[in-house]
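Student: Now for the letters of each chain:
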Amino acid sequence: MIVTPELRPAQIGRASGDFYTIATLGSHSALQILKGAHDEGFRTLAITNRKTERLYRSFPFVDEVIAIAEYKDFMGLVPELEKRKLIIVPHGSFVAYLSLEEHKKMRIPYFGNKAVLDWEASRELQRQWLTRAGLTVPRQFKTGAEIDRPVIVKLYGALGGKGYMFVRDSKDFEERAGLLTRNKHILQEYIIGVPLYIHYFYSPLTGRLEIMSMDRRYETNVDSLGRIPAAAQENLDIEPSYVVVGNQPVSLRESMLAEAYQMGENVVRVSKEICGAKGLFGAFSIETIITPDAQFYVMEISARIVAGTNLFIDGSPYSYLYYTEPMSTGRRIAREIKNALLSNSLDVVLDDSSVV
Amino acid sequence: MIVTPELRPAQIGRASGDFYTIATLGSHSALQILKGAHDEGFRTLAITNRKTERLYRSFPFVDEVIAIAEYKDFMGLVPELEKRKLIIVPHGSFVAYLSLEEHKKMRIPYFGNKAVLDWEASRELQRQWLTRAGLTVPRQFKTGAEIDRPVIVKLYGALGGKGYMFVRDSKDFEERAGLLTRNKHILQEYIIGVPLYIHYFYSPLTGRLEIMSMDRRYETNVDSLGRIPAAAQENLDIEPSYVVVGNQPVSLRESMLAEAYQMGENVVRVSKEICGAKGLFGAFSIETIITPDAQFYVMEISARIVAGTNLFIDGSPYSYLYYTEPMSTGRRIAREIKNALLSNSLDVVLDDSSVV
Amino acid sequence: MIVTPELRPAQIGRASGDFYTIATLGSHSALQILKGAHDEGFRTLAITNRKTERLYRSFPFVDEVIAIAEYKDFMGLVPELEKRKLIIVPHGSFVAYLSLEEHKKMRIPYFGNKAVLDWEASRELQRQWLTRAGLTVPRQFKTGAEIDRPVIVKLYGALGGKGYMFVRDSKDFEERAGLLTRNKHILQEYIIGVPLYIHYFYSPLTGRLEIMSMDRRYETNVDSLGRIPAAAQENLDIEPSYVVVGNQPVSLRESMLAEAYQMGENVVRVSKEICGAKGLFGAFSIETIITPDAQFYVMEISARIVAGTNLFIDGSPYSYLYYTEPMSTGRRIAREIKNALLSNSLDVVLDDSSVV
Chain A
1 MIVTPELRPA
11 QIGRASGDFY
21 TIATLGSHSA
31 LQILKGAHDE
41 GFRTLAITNR
51 KTERLYRSFP
61 FVDEVIAIAE
71 YKDFMGLVPE
81 LEKRKLIIVP
91 HGSFVAYLSL
101 EEHKKMRIPY
111 FGNKAVLDWE
121 ASRELQRQWL
131 TRAGLTVPRQ
141 FKTGAEIDRP
151 VIVKLYGALG
161 GKGYMFVRDS
171 KDFEERAGLL
181 TRNKHILQEY
191 IIGVPLYIHY
201 FYSPLTGRLE
211 IMSMDRRYET
221 NVDSLGRIPA
231 AAQENLDIEP
241 SYVVVGNQPV
251 SLRESMLAEA
261 YQMGENVVRV
271 SKEICGAKGL
281 FGAFSIETII
291 TPDAQFYVME
301 ISARIVAGTN
311 LFIDGSPYSY
321 LYYTEPMSTG
331 RRIAREIKNA
341 LLSNSLDVVL
351 DDSSVV
Chain B
1001 MIVTPELRPA
1011 QIGRASGDFY
1021 TIATLGSHSA
1031 LQILKGAHDE
1041 GFRTLAITNR
1051 KTERLYRSFP
1061 FVDEVIAIAE
1071 YKDFMGLVPE
1081 LEKRKLIIVP
1091 HGSFVAYLSL
1101 EEHKKMRIPY
1111 FGNKAVLDWE
1121 ASRELQRQWL
1131 TRAGLTVPRQ
1141 FKTGAEIDRP
1151 VIVKLYGALG
1161 GKGYMFVRDS
1171 KDFEERAGLL
1181 TRNKHILQEY
1191 IIGVPLYIHY
1201 FYSPLTGRLE
1211 IMSMDRRYET
1221 NVDSLGRIPA
1231 AAQENLDIEP
1241 SYVVVGNQPV
1251 SLRESMLAEA
1261 YQMGENVVRV
1271 SKEICGAKGL
1281 FGAFSIETII
1291 TPDAQFYVME
1301 ISARIVAGTN
1311 LFIDGSPYSY
1321 LYYTEPMSTG
1331 RRIAREIKNA
1341 LLSNSLDVVL
1351 DDSSVV
Chain C
2001 MIVTPELRPA
2011 QIGRASGDFY
2021 TIATLGSHSA
2031 LQILKGAHDE
2041 GFRTLAITNR
2051 KTERLYRSFP
2061 FVDEVIAIAE
2071 YKDFMGLVPE
2081 LEKRKLIIVP
2091 HGSFVAYLSL
2101 EEHKKMRIPY
2111 FGNKAVLDWE
2121 ASRELQRQWL
2131 TRAGLTVPRQ
2141 FKTGAEIDRP
2151 VIVKLYGALG
2161 GKGYMFVRDS
2171 KDFEERAGLL
2181 TRNKHILQEY
2191 IIGVPLYIHY
2201 FYSPLTGRLE
2211 IMSMDRRYET
2221 NVDSLGRIPA
2231 AAQENLDIEP
2241 SYVVVGNQPV
2251 SLRESMLAEA
2261 YQMGENVVRV
2271 SKEICGAKGL
2281 FGAFSIETII
2291 TPDAQFYVME
2301 ISARIVAGTN
2311 LFIDGSPYSY
2321 LYYTEPMSTG
2331 RRIAREIKNA
2341 LLSNSLDVVL
2351 DDSSVV
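In order, the protein sequences belong to chains A, B and C. Residue numbers in the first sequence follow my numbering, run continuously in steps of one, and reach 356 at the last position. Residue numbers in the second sequence follow my numbering, run continuously in steps of one, and reach 1356 at the last position. Residue numbers in the third sequence follow my numbering, run continuously in steps of one, and reach 2356 at the last position.
It is worth saying that the hints were derived from the structure and are not from the lab. Don't be surprised by glycine CBs; every beta carbon is placed ideally from N, CA and C. Heads up, a few of these hints could be off.
[Said to hold, decoys possible] Here are the in silico distance ranges between beta carbons for each label pair:
id, chain 1, residue 1, chain 2, residue 2, range
1, A, Leu179, C, Ser2099, 25 to 33 Å
2, B, Gly1207, A, Lys85, 30 to 38 Å
3, B, Tyr1156, A, Lys162, 35 to 43 Å
4, C, Glu2124, B, Glu1102, 46 to 54 Å
5, B, Leu1159, C, Ser2122, 57 to 65 Å
6, A, Ala231, C, Glu2174, 24 to 32 Å
[Unchecked claim] Covered stretches of chain C, going by a simulated chain A footprint (3 or more residues, C-beta under 8 Å):
id, region
7, 2052-2066
8, 2214-2225
9, 2230-2236
10, 2240-2250
11, 2258-2267
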């Protein structure tokens, strides 16, 4: 059913207007998505705001830019986009700027399964999903009084680590609980170990799972605290923060790779039980912390392309095991859409709400 | 003093002697500069010392090696080099070993604008430049008594972070001020956040600015302090040091990329007002610290290729957005010189002191 | 004597069964070894256990998988493997699962020199080797009473940093010495500085040493301690551990590269004096810590491919200086075997125990 990569849409077809356009918001991982789409032969469209417009226009692989005042105005653009022959590839900024309802209302062809959004957006449901897949998750506390070890307080919907709070013990929590009353939050056991984010791609066309790359986040200010001698820190009384401003590459000990692969497979398997037959497909990421007994604790799952893949726009040590071209996760998505088109099975890679 | 150069078998077409030779000091980022020059079709010359001679001779892309006793003897070689058809690509070691006056006295074709050196060498002028470009710089203190927060003491002309000193408060400063009396220094607010070095290339031929890559420095001992438990650190009474011995790759959150790009453009724009019409061109780097409110604090600007680009001799995720070949910053420089030659505008990429 | 890379075993020869198979255990750095072997035209065999079997079968460059119950059962497979036309490329898991005696008993063609194993396995002999090569090694203490600074206690044969123990002073040592009685260990001065692992390849065919890549290990929990504010650490009373679960890329300041290269050459030179005429060849790694005076302290030598090279399956900034293809260390090994075959000197790259 799947054609080989050699059968690509001819470049001459580009001008005809008959080819699909891959569109995304100008943020998060848009550059690799659009570069990848271009490299696979698609037309590309970046929907930007006034501040990012210039940046995206400066890249030759961006065929078209539509600038809107603010990303949250995106829904106003939907009627126009629905008339065009395009496919949306969502990333983290979609989840940040569009509500679940808005997501589901859209009829634009959409790469991925929107049903997964419900299971991802709720921290409770997500926990059920991960646990059912046999993954180890950190302990969770219901009230401050229960806390018997350091915890990290995560606000619902907190993005890019903003609003995370490190709490030493229940007394510390009590003193600062006032900061939290406005927002729903969870109290998660603080796991001491090194973070690792594993980037997967599951192909619904071939049924194969691939490990595309890995990273760790680059967070301000926690990733700079260690540079300040302990004695000096005490005078400074620094509050740790976890705002993600970048990413750093990591490779995983090969003897742990089989388990990492298995975790990805389990998550996909369970998703087919809980999110409809299509389940989770395309790019996703499992965010882990590895403890000294080489145990993966799973903090979170992201059901689409994550920003850590931006390190690997020119391919990764892992992607190179599967592909001879520089295969970013963004390009892998475009490759999947192309393979779907070439095998006349576009519906397999799109959400069921899509009107093609 | 000068060792007879070992002329390597030249490739067909190359032997005519009509081609330009790209020359640089065997240090800092010479490998990527010479490899890049070779890949763009130039002849290459490494000027080394006795200790580094063997290393540079071992690479097939180095056509010629001239070994001198010490790098600071470079000026003795200038008359000989002025007779040849070559172009110097400077890097950090030029600034370290040659004075401003020596720089300006040379008539060898020189990639870059020497007028920028004055604005870069003076910490005061550099600060004016950055501020005028709208960048946020850390607070600076004139005297120890003024200090009301941790500061980092930077000696004038300190290279590779050597001689930087972390000072907790004005009392701490007083106690250790004796260490500083010999040298001119500045007292810079210690910004708590994660470092990010952004590598740019501005083409005077096309007027386009490119983000080539990014890194963070690998500094001993501060980047190892965090591995020592706080309790153990106290017994050790460790003095933090900031000696740069390497670099690590980082990617930036894409939503902050437009601002990073804008910072580069602003710095170039202002340079044209203060350093003559040519302004700053070629490779440069802005050294930032990113705070938890996602604010870039600019510590310093380097007006030429920086060592962090050595991570990307085979290209970077960013360079791959513009180029299909592995485009290091060193190769990008050679590409610009080649493009200048091909468009008969070599003077555009050379300092005005160059006698072609 | 050595043929150019263009002369490769023809792909059509693959089916004949006359080509050598490159075999290794499915762990550590097997993916790059087998991918590299495939890219150089060899057949490939992964010997896995039940848990890793699926992972290795999922890669198209793995031609054959033999699954055994446990890696330590490998010797049971040897009679079967000895009948085949294959070459074993060893990595760290061989040393972990097979004794020295088992290593030496094998007659399967084996890439590398087994005589090096004795000098590597004994921490005393290894120290002699490094010292004789002029490298700076950390101070070592014979008894707990001697300790006058922080030390790291390393168990004999400790793998992947497991069982390492940080000890502050002789009192701390006394209190915890009970944990150590069962196992032989050394007390090594704790050097404060940044770790750097340098990956070399020495070709016995050409006599050339190459720097292939560099990394730093990613260790749990020490590489996460710095993210916990000093004040919070005190409450937690965390015991540092050094279990290696991954690697991160680093580049070295170019002015220190000549010394790094020289260290590699010295180690090879001395190995020819102590381990027979063949000495150390193929891949090896020197594990250093760099102090603020830019001094390399050498912690250990690994006499074969190290896991840090897994970051560079698609090549490294250093390998790209020598090779235009993505040259992993695994592929470099296969290239050497191929060059040996093509120049009819296979014995040069195999241990003398090999029966070809």
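Student: Provide an ascending list of the numbers of those earlier hints which the structure does not satisfy.
Tutor: 1, 5, 11
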